[in-house]
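A.B. asks: Sequence order for the protein chains is W and P.
The numbering used here puts the first sequence at residues 1297 to 1576.
The numbering used here puts the second sequence at residues 1297 to 1576.
Everything labelled a hint here was simulated from the structure, so no lab data went into it.
Note that the coordinates shown come from a computational prediction; the quantities given were computed from them, not determined experimentally.
Backbone N, C-alpha and C fix where the C-beta goes; we use that ideal spot for every residue, glycine too.
What you were told as hints is all true, and nothing was included just to trick you.
With a straight-line Cα cutoff of 27 Å, these simulated DSS-like cross-link-like pairs (lysine-lysine) come out:
#1 P:Lys-1561 / W:Lys-1518
#2 W:Lys-1518 / W:Lys-1569
#3 W:Lys-1513 / W:Lys-1561
#4 P:Lys-1485 / P:Lys-1518
#5 P:Lys-1518 / W:Lys-1513
#6 P:Lys-1569 / P:Lys-1485
#7 W:Lys-1485 / W:Lys-1561
#8 W:Lys-1561 / W:Lys-1518
#9 P:Lys-1513 / P:Lys-1569
#10 P:Lys-1518 / P:Lys-1561
#11 W:Lys-1518 / W:Lys-1485
#12 P:Lys-1513 / W:Lys-1518
#13 P:Lys-1485 / P:Lys-1513
#14 W:Lys-1513 / P:Lys-1513
#15 P:Lys-1569 / P:Lys-1518
#16 W:Lys-1513 / W:Lys-1485
#17 W:Lys-1561 / P:Lys-1518
#18 P:Lys-1518 / W:Lys-1518
Among the chain P residues that face chain W by a calculated CB cut under 7 Å, a handful are:
#19 Pro-1402
#20 Ala-1424
#21 Leu-1425
#22 Ala-1510
#23 Glu-1520
Number of protein chains: 2
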Amino acid sequence: MTGRLGFLGPAGTYSEEAAAIYDRGMQRVMYSTIGQVTEAAESGQVDQAIVPVENSLHGAIPEVLDFLIRSPRIKITNELALRIRNCLMVKPGTRPQQIKRIYSHPQPLGQCRAYLTTHYPDAEPVAALSTAGAVTDMLASAIPAAAIAPARAAEIYGAEIVAEDIQDNQNNFTRFVILGPGDHPRTGKDKTSVALSFSNDRPGLLYEVMGALATRKINLSKIESRPTGEKLGRYVFLIDFEGHRTDPIVVDALEHIRRLTTMCKVFGSYPAKVLSTPPE
Amino acid sequence: MTGRLGFLGPAGTYSEEAAAIYDRGMQRVMYSTIGQVTEAAESGQVDQAIVPVENSLHGAIPEVLDFLIRSPRIKITNELALRIRNCLMVKPGTRPQQIKRIYSHPQPLGQCRAYLTTHYPDAEPVAALSTAGAVTDMLASAIPAAAIAPARAAEIYGAEIVAEDIQDNQNNFTRFVILGPGDHPRTGKDKTSVALSFSNDRPGLLYEVMGALATRKINLSKIESRPTGEKLGRYVFLIDFEGHRTDPIVVDALEHIRRLTTMCKVFGSYPAKVLSTPPE
Chain W
1297 MTGRLGFLGP
1307 AGTYSEEAAA
1317 IYDRGMQRVM
1327 YSTIGQVTEA
1337 AESGQVDQAI
1347 VPVENSLHGA
1357 IPEVLDFLIR
1367 SPRIKITNEL
1377 ALRIRNCLMV
1387 KPGTRPQQIK
1397 RIYSHPQPLG
1407 QCRAYLTTHY
1417 PDAEPVAALS
1427 TAGAVTDMLA
1437 SAIPAAAIAP
1447 ARAAEIYGAE
1457 IVAEDIQDNQ
1467 NNFTRFVILG
1477 PGDHPRTGKD
1487 KTSVALSFSN
1497 DRPGLLYEVM
1507 GALATRKINL
1517 SKIESRPTGE
1527 KLGRYVFLID
1537 FEGHRTDPIV
1547 VDALEHIRRL
1557 TTMCKVFGSY
1567 PAKVLSTPPE
Chain P
1297 MTGRLGFLGP
1307 AGTYSEEAAA
1317 IYDRGMQRVM
1327 YSTIGQVTEA
1337 AESGQVDQAI
1347 VPVENSLHGA
1357 IPEVLDFLIR
1367 SPRIKITNEL
1377 ALRIRNCLMV
1387 KPGTRPQQIK
1397 RIYSHPQPLG
1407 QCRAYLTTHY
1417 PDAEPVAALS
1427 TAGAVTDMLA
1437 SAIPAAAIAP
1447 ARAAEIYGAE
1457 IVAEDIQDNQ
1467 NNFTRFVILG
1477 PGDHPRTGKD
1487 KTSVALSFSN
1497 DRPGLLYEVM
1507 GALATRKINL
1517 SKIESRPTGE
1527 KLGRYVFLID
1537 FEGHRTDPIV
1547 VDALEHIRRL
1557 TTMCKVFGSY
1567 PAKVLSTPPE
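If we strip away everything but chain W, and leave its shape as in the complex, we get (with noise of 0.2 Å):
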């Protein structure tokens, strides 16, 4: 695939990880915040873009769905689950009995807590913007220190690792959307995301369009509730769910729940995938 693939930088941070894993031989195109990225999608500055969307550390999911639902265009055409892997990593040639100072985003630093404690009970904590940024401070720094990001920005910036995956859980990824100008073709294997909205609370007309999915077989592989900006009590529910919009059984489901919601926006269908990490 050719084109123009927009991203969050700056580089040598998760979300550049990730771009660089999905590539396709795209030119990757940096912008500094989410809102670009998806403005670039919008304006066809770019022909895709990839955007965080859970469990990130840019807090760009209320963003990514308020412009997916507003979106008159834009579909989700894949995902990638990204694992994460924090990495120490230093200037060449610092010892780690050395380290005096640990800079990192203050979510990778709460991420690896337990092993700080063990291994650098008394460095100090230090907060950077992004991963990135904490690899080009601990490199600037006078005070030998060390950095927490991924494996990318030690390559990219000159840093060298001396501890992988470093981080409490080892069950931690990051959740990342490409967009487009449309979805993907049917695959046989894919899976469909839904925004929907009721007119009011009733109890029972989620339960609704759950059973429209229920009774055709169609399995759920993902439910959210979120409180909307606009009203208290008021909700925006997320669905995925097993198969595509194109299959008949899917069109019928639909249909079914279109006729009980106020919204059902289709932010797309694409292959259902398994989780990806880095290349090693």
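Place chain P on chain W using the hints.
C.D. replies: Below, chain P without anything else, positioned relative to chain W:
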């Protein structure tokens, strides 16, 4: 109420603000990680503990959830939704036009991006480990600077607020839960939180659970699926619904639900609250 209330420090963060609002004449005991707060509740070192569970700066959600599933004695006894009101504050005497740096946790920096771009396009954002840390870093800065933090931090550390409510989205709440050795007695306007799991992903089991509530006219206020660490494709479902676990209709619904699930853990029943904002 007397006793000890555990919370996540340092002083001057949104967590400390939530503890101060909940207060009830309890002695507040500060801990430095969510794990330490929940452990203090479990061991009885504190009588209650307040922890963020949604939309938090701390990435606390899986930790608190895992604790509630595991704990043999701790329940949710109350909840509090705190409106996040980011304030821009300076060292007394610093004039806004002098500001060259803006300190905060990366998340509030992101939440205030539009404001900062408009008013301080040339100021450099600098990351801190917490909003409280941002204020102390700002006060120690030789370069004229500002910090983004809750109003309370200005009071505690002697900073001067130059702008209030600078977040781009005015509907930004963090939900806190109060943990204790038992839940709350029935008030007549209550909410119950449960976590469920199934032995398999058969389509329809979750639907039957929702039917157990819907047919009894029990309104859902939240539903969420969360992948569990142990195995891909396995989920824990978090459901909040109206009513107290001692209400006969809820007792009945829970009995029904227990027959459908392999795990049905009641996190507690507590007053269904309106959102709280910090005292003006």
